[in-house]
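Enquirer: The listed protein sequences derive, respectively, from chains A and B.
According to our numbering, the first sequence is numbered sequentially starting from 1.
According to our numbering, the second sequence is numbered sequentially starting from 1.
Just to be clear, a hint being listed does not mean it is correct.
[What the hints assert, rightly or not] Computed beta-carbon distance windows for the label pairs:
1. A:A282 <-> B:K350: 51 to 61 Å
2. B:G19 <-> A:P281: 39 to 49 Å
3. B:E58 <-> A:G319: 42 to 52 Å
4. A:G243 <-> B:A368: 27 to 37 Å
5. A:A25 <-> B:T362: 44 to 54 Å
6. A:V6 <-> B:V212: 57 to 67 Å
7. A:A355 <-> B:T98: 55 to 65 Å
8. B:A363 <-> A:P342: 50 to 60 Å
9. B:K350 <-> A:A145: 53 to 63 Å
10. B:A65 <-> A:T335: 41 to 51 Å
No lab work stands behind these hints, which were simulated from the structure alone.
Think of the CB as a built atom: it goes at the ideal place given N, C-alpha and C, for glycine as much as any other residue.
Here are the chains, one letter per residue:
Protein chains: 2
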Amino acid sequence: MSDVNVIPQGYRFAGVPAGIKKTGAADFAAVVSDRPCAAAGMFTRNAFPAAPVLYDRELLAENPAGLRGVIINSGCANACTGEEGLADAAEMARLAETAFDTPPRSVAVMSTGVIGPRLPMERIASGARAAGVALPAGGAVAAAAAAATAIMTTDKRPKVAFRQAGCARLWGMAKGAGMIHPNMATMLGVIVTDAAVSPSSLDAALRSAVDVSFNAISIDGDTSTNDTVMVLANGAAGVVDQGVFAHALTGLCTDLAQQIVRDGEGATRFVTIRVVGAETPADARTAAKAVANSPLVKTAIYGGDANWGRILAAVGYSGVAVDPARTDLWIAPGTEDAAESPGRVQLVGKGRPLAYSEEAATAVFNGAEIAITVALDLGSGDATVWTCDLSHDYVDINGHYRT
Amino acid sequence: MSDVNVIPQGYRFAGVPAGIKKTGAADFAAVVSDRPCAAAGMFTRNAFPAAPVLYDRELLAENPAGLRGVIINSGCANACTGEEGLADAAEMARLAETAFDTPPRSVAVMSTGVIGPRLPMERIASGARAAGVALPAGGAVAAAAAAATAIMTTDKRPKVAFRQAGCARLWGMAKGAGMIHPNMATMLGVIVTDAAVSPSSLDAALRSAVDVSFNAISIDGDTSTNDTVMVLANGAAGVVDQGVFAHALTGLCTDLAQQIVRDGEGATRFVTIRVVGAETPADARTAAKAVANSPLVKTAIYGGDANWGRILAAVGYSGVAVDPARTDLWIAPGTEDAAESPGRVQLVGKGRPLAYSEEAATAVFNGAEIAITVALDLGSGDATVWTCDLSHDYVDINGHYRT
């Protein structure tokens, strides 16, 4: 598709090298709107939130309808840096507002990289200046791709997605699970749209979208100090139907979230886990997350070993209501519901192991995409979670992240 | 120490091959008392408890002062096997009672191995017969060691421990190397004593001991379907002081629990994590467990990379009360409190990264034993948890467990 169709009206992008990463790769990104935006954000629940998270929370509370953009550095997370780190985040925003000629308190900040070190402020300043120079020509897909590349850490590929909602466009980028300084599974996401949406409607749509997308993925169960997803809506395309907008936002977030899992550190397989028939949707999510986070399930999947007892064991220790005698388990290739898939193999029926073909089960577990469905038959609580396997490469990447 | 000093009076042991493991290694163990025993047990909280867990719970409720022994097979967990599995467990007990010439409902059963398959009952029967033949000569340390070896799965070494309490002796064995997050991992433990203790006192002492030993370790955060710790007291040495007995039992359980962590699947380092000054002891435990279960912390430790931000990040997502500005972090070689250790390196003080020697921190993280202390300065809740690193060998062992 051409640039005109993909990039929402009124946004410009930059991705430049600021010398924060030792490699000299692009490590400073900017997204700027020509006009004020309604903004909404969701942040890590980690009790050690990074300085940029603290800064942005306050900024959004104070100015939810007047944001002009976001700047992001990779290579240093500005987390666990105390009061000095908070002052650095504020200074980073101020440097950007000067370089981009936007009002005070109009630019949000995000950081990703190693936890602990202070931000290299001279390099942040030169990054802001370089981005300010690049922005005026930054209305094209190439510039947006440069921004999506500059926020990568251990990511192997940039992650971008696009949706149309009526006459409005939504474009988003995300990073997570990377390769250069990969330890924190930091997830950052920025979504921009030219729809006209109020801050409160934007917030509601974001919460609903994130719940079934970014909050439904797991690579290693570690929650970062920096996780942030922010959406900006500048209204350039006018008002669109709220339901249509919310649907498009959810689709875009799910697309980005799945890209993160597919690019998970060391990932060799993409796994879709459904738990259906739980007492509540929360129970279904908890059980599916327990399976997604089980090192034993994840290593079995890496090994292509259909060791399904580990799946039920994980559901069993998740703490949700279970009646073993009512439990069914299916696996299938692909990403659709394993219980309904033409390639399905049912392993357990009403709590009893079935006489399935070990060869067929092994074939499923050796595929690039594996779907698992656990049916609890207790209620109408359903959830879907996406994850990847746990491989030798994950251990390599994270055993020597800072070296 | 000689046999006479280590084995409690009146117990005999056997460890024999029954053909359940493909390797032909010993896979059937028996512990039998000459006289009836008070018995107490703690079992997995997994919602898919294995058939032997269901059987033993009922047996202990019915006959807490009349047990004569325990039989254990490795190679097959008899878990997720439905009603047929429960009938198999009952038949396994009956076969043992016949072979050992003990009354009905006097022998508890334990199983460990792959989840899903039914027990091979012909082999269980031949194992019971072979154990029955070996038992009369089984009063020595060598026989007890054979039993401890027969219950191994991925364990590299048998795990046994001994304590004296007054004139009574306590001897115990355990197995477990993966699926270890004992809330009440497959973790099995059998402890025998010749102290005279009532079933209710024995139960209280076991609960208290397990809480700070087996329940304070984690290898991979997976809680097994089969976890069981059982203690038998036959009274042959008479009554001993209850406090002395409880202290000895706690010491013995801690010894066995630490042996499990040191033999953790793929483990190369032994890690002691203390969280002190939490609002409550439960908070301290939760935070310490989050650090112990973090794949990012565990891979950094494997890599010898003192990437301490991951430690605080794990405390931060554990959900417990934290004030970043009050948090301190130390590391040290060894197993004692890192904050007090002569070799300590303080990394964070009141939430701020300190100017520590990276060389010294790296040296600590490259040791065989690493102590980590996080001080939250919010209350008097303290907890200690033991864990190991996450290595390439863990991935190998669990990627191809059944093959």
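Enquirer: For every hint, state whether the structure bears it out.
Expert: We went through each hint and held it up to the structure:
no., hint, verdict
1, A:A282 <-> B:K350: 51 to 61 Å, "violated (37 Å)"
2, B:G19 <-> A:P281: 39 to 49 Å, "holds (47 Å)"
3, B:E58 <-> A:G319: 42 to 52 Å, "violated (23 Å)"
4, A:G243 <-> B:A368: 27 to 37 Å, "violated (59 Å)"
5, A:A25 <-> B:T362: 44 to 54 Å, "violated (26 Å)"
6, A:V6 <-> B:V212: 57 to 67 Å, "holds (59 Å)"
7, A:A355 <-> B:T98: 55 to 65 Å, "violated (31 Å)"
8, B:A363 <-> A:P342: 50 to 60 Å, "holds (57 Å)"
9, B:K350 <-> A:A145: 53 to 63 Å, "violated (43 Å)"
10, B:A65 <-> A:T335: 41 to 51 Å, "violated (56 Å)"
In the structure shown, a violation is registered for the earlier hints numbered 1, 3, 4, 5, 7, 9 and 10, in ascending order.
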